[in-house]
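Here are the chains, one letter per residue:
Number of protein chains: 2
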Amino acid sequence: MNQQNIYKSGQPIQVEHIFQGKKQQIRVIESDNKMVEQTIILLSDGGISAVTLEAVGVRAGYSRGLVSRHYGSKDGLFIRVFKYLEDWIEANCSHATQNIQGLDAINAFILDISNNINLHAEKYRAYFCLWFYGLESKGELNQYLMHVRNLREQKHLKWLKQAQKLKQLSRKSDLSMLADFVMTSIIGLIHKWMFDMGFNIELRLKQLVNIQLRTMFSNSHLFYSVNYWGE
Amino acid sequence: MNQQNIYKSGQPIQVEHIFQGKKQQIRVIESDNKMVEQTIILLSDGGISAVTLEAVGVRAGYSRGLVSRHYGSKDGLFIRVFKYLEDWIEANCSHATQNIQGLDAINAFILDISNNINLHAEKYRAYFCLWFYGLESKGELNQYLMHVRNLREQKHLKWLKQAQKLKQLSRKSDLSMLADFVMTSIIGLIHKWMFDMGFNIELRLKQLVNIQLRTMFSNSHLFYSVNYWGE
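These protein sequences, in sequence, are chains A and B. Note that the numbering used here numbers the first sequence so that position 45 is 45, with each residue one more than the last. Note that the numbering used here numbers the second sequence so that position 168 is 168, with each residue one more than the last.
Since the hints were derived computationally from the structure, they do not count as laboratory data. Errors might be hidden in some of the hints.
A pair counts as met if it fits within one copy or between any two copies, since identical chains are not told apart.
[As the list claims (entries may be wrong)] Each computed PhoX-like pair below joins lysine-lysine, with the alpha-carbon atoms no more than 25 Å apart:
{"no.": "1", "residue 1": "Lys-192", "residue 2": "Lys-123"}
{"no.": "2", "residue 1": "Lys-161", "residue 2": "Lys-34"}
{"no.": "3", "residue 1": "Lys-34", "residue 2": "Lys-22"}
{"no.": "4", "residue 1": "Lys-158", "residue 2": "Lys-23"}
{"no.": "5", "residue 1": "Lys-172", "residue 2": "Lys-155"}
{"no.": "6", "residue 1": "Lys-123", "residue 2": "Lys-83"}
{"no.": "7", "residue 1": "Lys-155", "residue 2": "Lys-83"}
{"no.": "8", "residue 1": "Lys-74", "residue 2": "Lys-167"}
{"no.": "9", "residue 1": "Lys-165", "residue 2": "Lys-74"}
{"no.": "10", "residue 1": "Lys-138", "residue 2": "Lys-206"}
{"no.": "11", "residue 1": "Lys-192", "residue 2": "Lys-165"}
{"no.": "12", "residue 1": "Lys-161", "residue 2": "Lys-206"}
{"no.": "13", "residue 1": "Lys-34", "residue 2": "Lys-167"}
{"no.": "14", "residue 1": "Lys-74", "residue 2": "Lys-172"}
{"no.": "15", "residue 1": "Lys-74", "residue 2": "Lys-34"}
{"no.": "16", "residue 1": "Lys-172", "residue 2": "Lys-83"}
{"no.": "17", "residue 1": "Lys-192", "residue 2": "Lys-161"}
{"no.": "18", "residue 1": "Lys-158", "residue 2": "Lys-74"}
{"no.": "19", "residue 1": "Lys-165", "residue 2": "Lys-123"}
{"no.": "20", "residue 1": "Lys-74", "residue 2": "Lys-22"}
{"no.": "21", "residue 1": "Lys-161", "residue 2": "Lys-123"}
All figures in this text were calculated on a predicted structure; none of them were measured in a lab.
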């Protein structure tokens, strides 16, 4: 036990004070949850421009001032909401790919999005709204997004390396090219879905796994790096 | 000759007036060109948020008022610039795919982007900046963008139908699925390039044509529509 702990434990415990502190903490968590929830609805329905600190406050039953004290600014709110959604998506992904390796993990990752995207369309729409907006924005949201994107890329490369070890992919194949094609295919399909509400994203993601990527992976010996393309 | 023409040709011709009108017209075209040019630079360097009517005016050597009179608003300016860039890209595309049919046209279309994207990085960056922003925006820009996207989709479907007739693709293959995979692959790669300046988009687009799409098209019998995916 270090000095600080001894000192702290030496203080008289004020149960009432702790209780009040806890109640306060619970209220903060509750109001944060409500505001995050309402921001997700606003983003999903009307995009970035529909979100104002005031609109979030009104919908969650708080003043603009409270929203502003919580998150500082609209960008602060966006970072909070993106982190919330990223945690949620990452938890889904980890669950779906648990104890799975190689190409099966990539397939499970995409099929999990396919299975969930219509059930949780609001969350996915809000997430990718912030994703595409983050491209444009400067500062903290952009940095966090780049960080998340890099982690996702590392994960895909890890799965592809496992696949190579498991002889699911040719030794010749260029893993960073394959990772780019897998990830940009997903982002491209989702971008189309954001535009076009009638687009059957669920079906296309299943076809991506069961047709497109299957064809790609079973021809992985063709996916090797060439820098010169003769005519 | 109808009534109106007779009436018009009956007016005394004021040469001086016509000359002044032409000079005025040339000045309008010149200032428009300058402002479009400067908007492209601003978009390419700093994205949507870098563009203000004032910044465009200062860079082009005009007042904010003149920019505002020209385009009405920032959105009006964006539509003008998008149309300008769309015409430019469409002209490139038409040139590249002239007298070519089927899969060769799709390949030529993508290789043309690959060959030009680094040479004209500013224009492509500005174009796709507006493209991704248009997703988010409401109103006229969004509508115009959807219109352009539909035309592009129709063009891809036309090429794929030609390919089927030319027996480059299996009769079984689902052309709208193939069109989605081609177009979303391009958009996905370009989206990554917008994020990541070091991304070798030129190489990846060439690999898209010479490896990814070649594999896809030569396995086109696998790309048929299935709505049920058994486990």
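- Item | Violations among the numbered hints | Failing hints, ascending: 2, 4, 8, 9, 10, 11, 13, 14, 16, 18, 19, 20 and 21.
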